[in-house]
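Enquirer: Protein chains in written order, with the working numbering: chain A, 1 to 434; chain B, 1001 to 1299.
One thing to keep in mind: the hints can contain errors.
To be verified - List of simulated lysine-lysine pairs, BS3-like, C-alpha gap at most 25 Å:
| hint | chain 1 | residue 1 | chain 2 | residue 2 |
| --- | --- | --- | --- | --- |
| 1 | B | 1298 | B | 1240 |
| 2 | A | 168 | B | 1066 |
| 3 | B | 1240 | B | 1272 |
| 4 | A | 87 | A | 168 |
| 5 | B | 1066 | A | 87 |
| 6 | B | 1298 | B | 1276 |
Rather than coming from a laboratory, the hints here were simulated on the basis of the structure.
This one's a predicted model, so the numbers in the text were calculated from it and none came from an experiment.
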Amino acid sequence: MAARSHDGRGDDGQGHASDAPFPARPPDAAPTSDTAPAAPASGKSGGALALLALLPVALLVALISLFVVYGDELLGPAPVPPDALGKLDIERLWFRPEGVAVQVVNTGPAPLTVAQVIVNDALWEFAIEPGPAIPRLGRATIGIAYPWLEGEPVTVKVLTANGLAFLKTVPIAATTPEPSSSLLLLFALLGVLVGVLPVYLGLLWFPLVRRLDRAVLDFLLALTAGLLIFLGVDAVVEALELAGRVPSPFRGIGLVAIGVAGSILVLLGVSRRTIDAAAGRSEAERALALSFLISTGIGLHNFGEGLAIGAAYAVGELALGAFLVVGFTLHNITEGFGILTPIARHGTTLKNLLLLGLAAGGPTILGTWLGGFAYSDLWATLFLAIGAGAVFQVVYELARLTTSKGGSRIATPLGAAGVLTGMLLMYLTGLFVA
Amino acid sequence: MAHVTELAPGVVPGLPRQAPAPGWAARAPAEILTAFDYGRVSQLPGGQTLREYTFIAQETEIEVAKGVMFPAWTYNGSVPGPTIRCTEGDRVRIYFQNGTRHPHTIHLHGVHPASMDGVFEQVPPGHSYTYEFDADPWGLFPYHCHTMPIRKHIEKGLYGTMIVDPPTPREPAHELVMVMNGFDTDVDGENEVYTVNGVANYFNEHPIELKVGALVRVYLSNMTEFDPINSFHLHGNMFKLYRSGTSTTNPELTDTVMLCQGERAVLEFRYKYPGKFMFHAHQSEFAELGWMGFFDVKA
Ligand SMILES: [Cu+2]
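All chains, full assembly: derive it from the sequences and hints.
Expert: Shown next as structure tokens:
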């Protein structure tokens, strides 16, 4: 597999050169060619290639320059001054004992200047860093000594010099957690409770799973695939939902596509190296490699889950229910189980089991930290998409594993029942999260 | 009778043909507070006093809160426009020129012929119209543009105050003109800021100096658009309230007055104690969005 794909890439490289619309000769081909009237010096040929590469760029630069100089004449006066279309996104609000901090990003077509800040229908004095003038895609942080009230809504309205108003309402104001050792620990504990412990609890089924016969194991493998498909779809939906909140110039939907495709492709590369490298060796090593892949994929997914929990805590929503934690915990015990199924028939060391659990559960902790202290819709969207891609890639590996000998074992009544059972299991345990 | 006439050839729309009263453009709220425009005064053959004014409708960018610019339509460059001051029975003549890209008028409150009412004789861009009437009766009046959509033409800033003094003058006093208004800077049908005389929080940062015991007279009018009412509340004091300024007797004694859109009142008071005293809208929201100021009463 690996060798073929390398060859393929090589062919592609050659193909592009010979398909070129210009009769330029690839420099590497010169020595063997006897039809060429004279083998051009490689330096000269390199220069010609460079010229060919740069010509369109140079023309593009010329075109853009022309447009910059004469574009106004071509288009005439703008029907609306560009700053009238200005857009400022209020990305984040921090609530501190001394007041409110507001992070804004200029997502409009022109620079904007912040002139006044209105909090809950009152003009307030404010400080702004790095300054009131915000270039396109620039950010600034506004500090207001507003005596906000715990648990009450806060609406911040930013007025620009040209009179535009941009506002954001936080329905329930709560002190924004500051990174402190105790809070880091609390978030880590949450991560352990929600992500790490359930995965390890699931791994405790290992001795049981080892004693199951092949048909049951195949069912469980299919069930794992079902769990993962559900997780993947769930993550894509969440990522798309968040993508809508990402400031428009950053194109949230595009980020989702990049995240999903990127993680699938990267993990495919990794799996080729691990699984196919182990191909020559025992089937047990291949199975272990697959288990690690599954736990990595689940780990990426749990990272997104951690983000959600951390962010919820940061905006004071986690206080609404320990229910959420219980739900996630229940939900995640199934993940530990999923990691086990490939290695069930071969057995493994305790150390490997510990590592598998860590890879799957550990990222939850990182997620809670990031979500709690540095949440942004943009990063959350990207991470959720990466998690989704990872999970889908693992499903693909599982399908490959079960088709290694004597055809697919998922495309059987038992396998189909397994997939559906897995999805239903996720659906039911997921009810506790909603 | 006056006709809507096209400005003479060579007159560039937007540029005044006749200079407005000196210094009216871009007046600060503190200047509007005490600047009374008595016009160019002369005697008519019958002995009647003639006061001539030139009003030019302009498109003016004004600062309505620190750093916030508003593309206003103004009479002579400021919001509110000049305070016309005359005495009952005077002949008032206003040469109105429209230097903007939209039709406008001047609709004055008070008693006058229909053709002087600024409703039917719309003045297109680059045209002029002359309003002429006898000041009648005495009192405090607003004036404003009456072109449709009226809400837009008022909201943009085309309004001001006209004081018609009684034939027997009021007692001399420290006189102040206050026009309560608001500005919808993001054009969403709601005011972003509220002001007196055009700049939010201006008299917060520039307190008005008064003297203990001296009579103070405030000519207060409400030209706030979007919000049906506005109000004035005085701290540490009570004032005599003369609604519409059409009487000098039987005042109401109070410390808060509520005025509807276009309504006005004359307020008289003296401070008993020195110190800083606040005045503001008693709608807390308006107050905190800029309609708030101080009297700095000196001993
Ligand atoms: Cu008008």
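Enquirer: Are the hints correct? Go through all of them and say.
Expert: Hints and how they fare:
{"no.": "1", "hint": "B:1298 / B:1240", "in the structure": "holds, 21 Å"}
{"no.": "2", "hint": "A:168 / B:1066", "in the structure": "holds, 22 Å"}
{"no.": "3", "hint": "B:1240 / B:1272", "in the structure": "holds, 15 Å"}
{"no.": "4", "hint": "A:87 / A:168", "in the structure": "holds, 13 Å"}
{"no.": "5", "hint": "B:1066 / A:87", "in the structure": "holds, 20 Å"}
{"no.": "6", "hint": "B:1298 / B:1276", "in the structure": "holds, 9 Å"}
When each numbered hint is compared with the structure, no violation occurs for any of them.
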